[in-house]
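Counting in my numbering, the sequence shown tops out at residue 780, every number present.
Hints are all accurate, no fakes.
Computed cross-link-like contacts, DSSO-like style, restricted to lysine-lysine with a CA-CA straight-line distance of at most 27 Å:
#: 1; residue 1: K428; residue 2: K313
#: 2; residue 1: K408; residue 2: K359
#: 3; residue 1: K729; residue 2: K612
#: 4; residue 1: K148; residue 2: K58
#: 5; residue 1: K9; residue 2: K255
#: 6; residue 1: K403; residue 2: K379
#: 7; residue 1: K557; residue 2: K479
#: 8; residue 1: K743; residue 2: K56
#: 9; residue 1: K743; residue 2: K755
#: 10; residue 1: K361; residue 2: K234
Distance ranges between label pairs, derived from CB positions:
#: 11; residue 1: K412; residue 2: F360; range: 15 to 23 Å
#: 12; residue 1: Q448; residue 2: K113; range: 51 to 59 Å
#: 13; residue 1: E317; residue 2: I188; range: 50 to 58 Å
#: 14; residue 1: K316; residue 2: D59; range: 42 to 50 Å
#: 15; residue 1: N82; residue 2: L768; range: 21 to 29 Å
#: 16; residue 1: Q448; residue 2: I188; range: 44 to 52 Å
#: 17; residue 1: E584; residue 2: K56; range: 28 to 36 Å
#: 18; residue 1: Q448; residue 2: Q49; range: 33 to 41 Å
#: 19; residue 1: M1; residue 2: K206; range: 44 to 52 Å
#: 20; residue 1: E257; residue 2: P287; range: 40 to 48 Å
#: 21; residue 1: V144; residue 2: K266; range: 50 to 58 Å
#: 22; residue 1: G137; residue 2: S18; range: 18 to 26 Å
#: 23; residue 1: K492; residue 2: S220; range: 31 to 39 Å
Read the hints as simulated data drawn from the structure, not as lab findings.
Backbone N, C-alpha and C define an ideal beta-carbon position, used for all residues, glycine too.
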Amino acid sequence: MKIIFKIAKNELLNLFYSPVAWFLAVVFLIQCAYFYTSSLYPLTVFQDQLLLNNPKWKDFGGSLTSTIYLNPDGLFKNVYQNLYLFVPLLTMGLLGREVNNGTIKLLYSSPVKLREIVLGKYLAVMIYNLVLVGVVGIFIVSGVFNIKSIDIGLLLSAELGFYLLICAFSAIGLFMSGLTTYQIISGIGSFVLFFVLSRIGTLWQKYDFVRDLTYFLSISGRTEKMIGGLITTKDVIYFLIVIFMFLSFTLFKLKGERESRPWSVKASRYVGVLLVSVLLGYITSRPSLVGYWDTTDCKVNTVHARTQEILKKMGKEPIEVTLYANLLGLRLGPGLPESRNPYLSTLWDRYLRFKPDIKFKYVYYYDNDGRLDANSIYKTYPHKTEKEIAGIVAKMYQVDASKFIGPKEIRKQIDPYAENLSLFMGVKYKGKTIHLRTFNDSEFWPDQSQVAGAFKRLEEGSAPKIYFLTGNLERNIYKTGEREYSMQSLEKLNRTSLINMGFDVDTISLDWQNMPADAAALVIADPKTDLSTVCLAKIQQYIDRGGNLMVFGEPNKQTVINPVLKLLGVQLRQGILVQVSKNETPDKVISYGTDPSLQLAEERNLLGLLKKRQEKDTDDTLQISMPGTGAIEYVTNGAFAITPLMKTKDKNTWLKTGVLIVDSVPPVFNPAQGDIRDSSFTTAIQLTRQINQKQQRIIVCADADFKNNLRLGSDLFANAFYSWMNDNKYPVYIPDTPARDVKLNITSAGADVLKVVYVWVLPGVVLLIGVLLLIRRKRK
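With these hints in hand, go ahead and build the complete structure from the sequences.
Have a look at this one:
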């Protein structure tokens, strides 16, 4: 060990007595300073303006640590991207210089072992790498003072990833310096090898064995988790294996120059180390052997405690996930074999951490008979059979067509038309299967709420059932028209539809069916014709036994819906609410959510607004546009406790009892015609009571259009009503943990000074020290 340290000390002195090390340090410092201050300064200007213009402004609301350090123009992103430019300059002369100076013969003739030479030189580079780590550390320390409650764990994890990456690059550079005595060639060779190792993970991904091998060898993306604050044993060991592998290669190269052995013996050493490295990498990357450490303040890399609890309840029984990819279907790309590793890492790694016995299968098929796309595929490929078209498409994607089974075979396993022939997953647990779907949005894969909901359904063996009353021209959950309710209920391509959030949804006609005992709620959505006495009687029975209910009415249909509401002691008042405004027709009424409405469920919109109101940070509340709504009338001394959920508060709102003409001049309040003005009208209420040892929950709304397909995107309640109906068991909400690093402790003037100091003064001081040291060295 003493010899290793002596060699390291001598090599380190050589580094600092050469201009290269100082040049790299100065350039690296300028780079870090530029990207840090360029991210910090605009934020300080913005914060100063916000504080000046809005005294109530509190914070940015999001993590400033991530914004300054991890965004595309941030410090760490650019340091990692440009690292390959620095290492070859540092390592290209480590061994070649000894040959050119003639000192290599002295080393060979001295009682110094080859491994001590290699390890000593590498140790020197590792120590110099700590200098670069220290440079980055300057801006982490600066961030501690500049950002309130900075996420220090995230930055330390990113620092570790940076050090491991630069040490791995250094081992590669040391090996390249041993291959040639020409430093330029060594540097270029290092560049090439860095590029190959960065890109090899994208090569030959269509082939199973090669995919796993190249994915292991690829250095690209290995630090992404650490940059994001997640340290895994798999990634740390990978870098240690790479360092071991290339140091071994360097040792074999030097040893091969001193001995005369057959090339096969020399080659077997390299192959042996490569195989051992791959085997170690494979073993240590098994899900059951991987350790995780989420260093972030908000644990953003860890699934929510609710998801962890669900996975814990599932026990040791394995989960089987089958990905179904249709060659002729929608969203094929992410389901192809070449995308398998991104699919696993992007979607499933976070769940494998807590349940490593998830097994993955893949089914590739082709099917398209024109029912879903009006024969467009046959128009694109005229006079071709489905099998011939599949062959053409497979050739286009450069995949083996023989891996894709035909329509007859796939239909024996699943019904692909039930999933629109698109990419989806079948999740199987204890013999039960549920589907997880992909979506045509930026996120694409199901999010944690959907995955947790699927796991919970499988673990519990049941799901809340929402029944929509039918038989009287109610809003239809199967039709896609603008007034219907399919988007919120059965639309598989809608990420937040009920069936994608863990619910079962169906229709029921009480004229000839009875309400199931396991119903979570009955929804009566704007019937157009009178309900029969049989239907009303069954609704009465359902209410009497404590069933949950949602009723959506419409103005001018009070005679249809009031017989149902009468059972609750509630009525829709005669007439339609009118709200005269500058930009909308008078039937468009803005209702405002009350504080109790914000507490129905943990919808993100509701939670954010509720927090602000609790902190008295805002007087605003939820605004819901109701295109044609009535007003609800109720008594407070009945069987139910009644709480308003939505009310109007505009002075230009009144209840018009006559005919409303919306495409003419604005209406005028006319009490002689029965118009009624009030300070506020109630448009939605919540009813509760204790019955049969449980709380009965009912919601009545005077408008049905705000939940229809056309306006669902602007419905800020989303699934809150349905969640409240089933005691908030579904959906499985994953509320965000609020970040604490949301405000700066520095002004724009201070940031301007920092920019000058970091970009100009500090590098100048380092450069001056380096120049003085080199001049003194030369004089001596």
